[in-house]
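Participant: As you go down the protein sequences, you meet chains A and B in turn. Taken in order, the first sequence gives residues 1 to 325; the numbers are from the numbering used here. Taken in order, the second sequence gives residues 1 to 252; the numbers are from the numbering used here.
These are calculated hints, taken from the structure and not from any lab test. Model, not experiment: these values are computed from the prediction. We put the CB at the ideal spot given by N, CA and C, even for glycine. Errors might be hidden in some of the hints.
To be verified - Listed below are several chain A residues computed to face chain B (Cβ distance under 7 Å; list not exhaustive):
(1) I181
(2) S184
(3) R185
(4) T187
(5) A192
(6) H194
(7) S195
(8) E196
(9) L199
(10) R201
(11) G204
(12) I205
As the list claims (entries may be wrong) - Covered, in the sense of this in silico footprint (three residues per stretch, anywhere, with C-beta under 8 Å from a C-beta of chain A), are these stretches of chain B:
(13) 78-87
(14) 92-102
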Amino acid sequence: MGRNRLRLVIGLTAPAIILIALPFILTRYYVDLTIVFFAHLILAVSFRLITTTGDFSLAHVPLMGMGAYASALMSKYFGWPFWLTLPFAGLASTLVGLIMLYPLLRMKAFAFFIGSYAIGEALRLSWIRIGIFGGHRGISGIPHPSIAIPGLSTISFAGVLPYYFLALVITVLCLVIMFRIDRSRITNIFKAIHSEESLVRSVGINVTSYRILAFEVGTFFAGISGVLLAHHFGHIDPHQFDLTTGLYLLIWVVVGGYTTFAGPIIGVTFFTILGELMRPLGAWMPLVYGLILIIGLLFLPEGLESVPRRISPLLKKMRVRGTSA
Amino acid sequence: MNKLEIRGLRKQFGGLVAVNDIDLELEEGEIRGLIGPNGSGKTTLFNLISGFLRPTKGKVIWRGKDITGNPAHSIVKEGIVRTFQLTTLLKDMTALQNVVIGCHLHIEMGLFEQVFGTARRREKEKAVIERAVGLLKTMGIEDVKDEPAGALPHGYQRLLNIAIALASEPKLLLLDEPTTGMNPVETQELMDRIKMLRDESGITIILVEHDMKAVMGTCEKITVLDFGKKIAEGSPEEVSKNEKVIEAYLGR
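Using the sequences provided together with the hints, build the complete structure.
Facilitator: This is the structure:
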C-alpha cells in the first residue's frame, strides 16, 4: 500500500517537474511543438473514449475543427474572452456532433466508420462554402487569449511561455476528467456495449443513449483541443482538419493501443518524438508512418501499451535463468 | 388476474412466419414451460415479448398495459427480463462485475456523481456490490465472484447469466434453455432453484427447455409450439399424451 502510494507520487511528480521545466530548457520551436502535442493528446484520448463503445469516428477531427472555428469566430467577431469561448466552443462541437448522430446512430461498426467520414467531410466542406468561415483561406488573426481578473490587471497569454502553461493546465484538466470517466462504471457499460450488446439491452440499459453520451463527451474534448490549436496558431483553415489528420489520429491510437487509457497517450508521444527524429526524411515520412502501422498491427496488435505486459514474463524468465546459472 | 396476455402475436421474416398468431395467458407466480422442436418459434416469441424484435401483428399486454413493440430497455423497466440461449457474458470482466452491470437499473447515480463523487459514491458502490454478491449466492456461485466470466465452467456461466437477469429484479423471467450443457445433477439443482425463486419472490417464469424431464417436473402448465403455431397447452400429463405433440416430436 505505502509502496504503491510512493510509486504514484513519484509517477506524477516526475512528469510534472519535466513539463514545468520543459519550456525553460527547450528552444521556441520545441515549445511550439509541445503545445501542439498537448492538443493532440486531448484529441487522441477523447477519440479513444468514443471507441470504447465500438464507434470509431472519422468525424472526430472535423469536430475538433468545429471547436477551433467556433472559438475563432467568437473571439474575433464578438470579442468574447478566452475563458468563455473555451467552454462554448466545446459545446458548439457537442451540438454539431448531436446533429451528426441523428443519422450515425443508425449505423454500427464499419458503416459507422465510413458514415462518420462522410458527415465529417460534409462539415469541413461547409467551412469552404459558407462565407463566415473564410473559405479555403480560413480565419486569420485569431486573438491571443487573455484573462481579466476583476480588480486586478489582465493576464495576457500572448507570449509562447504563458500560452504553454495555459495549454498545460487545460490539458491536465481534460485528461484528469477523462481519466475519472475511464475509471467509472460508465466506461464498463461503454465496453459492454462493444462486446455484448444484447446482454446490455437485456438488463435495461438504453444502448443508444450511452452511445450518445460517449460520442458527445468525446466530441466536447475534441472541441477543446481545437480551441487550443486555433489560439496557438492564430490561424485556421479547412485543410488542417482533413482526412490526413484523421488518418494520423487513427495511427496514433491504433499503434499506441486503445484498450487502456494510456494507449493513445503513448501513441501520440511516440509519434511526436518519432516525427521529429525523422524530419530529415521530409516527404518520405508518411511512408515510414505506414510501415510502422503495419509492423504494429502485425507484431503488437494490442498496441504499444501491451509492451510491458509482453516483456515482463520474458524478464522473469531471464531472471530465473540468471539465478539458476 | 392474468399478468401476461399475448393476443394474436405474429412475426414474419419475409415469407417465413416464425410466430404464427399465438395467444398466451399467464397467471401470476406461474412457471410455464414452453417446448417445441427446433425452429418452432420459442426464441422468437421471447424476442417479441422482451422487445428485442417488433411483432408484425398482435399485442403483448403486461399487467393491463400494452407494451407491444416497446424498446427492450423500457420493457426491462416494466419487470420483464430475459436470458439467452447462447451464453452471453462480458468475458473479460469478473463474475461480480457482470452482475454489477446487471444492477444498472437499481444504481441511482448520475454521471456527475460517478465521475467526481467520492464518499457518497463509495457508499452506494458498496451497496451495489453487496447486492451483486447476494445474487451470486442465490445462484450458488459466489465462490467464483472474482474469476473472469470467460474462464468459468459452462454450467457456472449459465447460472451467472440468470444471476445477471435477476439483478434487474424481474417480475417475469424468460429463461431460454438455461440447462444447456449441464449434467443431470446440475439440471435438477437449477430446477430446484427456479422453484425456490418463484416460491420466495413470487416471480412468474417462462421456461424454454429441451430436457423433458426437467420441464415436466418443474412446470404446472406447458405450452407446445410447432412451426410457429401453438399446438397444445395443458398440464404435463395432458401435453405428454397429446396426439399432435407426439407427432411433432416423433414425426409421422
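Participant: Name the hints, by number, that the structure is in violation of.
Facilitator: Those not satisfied are hints 4, 6.
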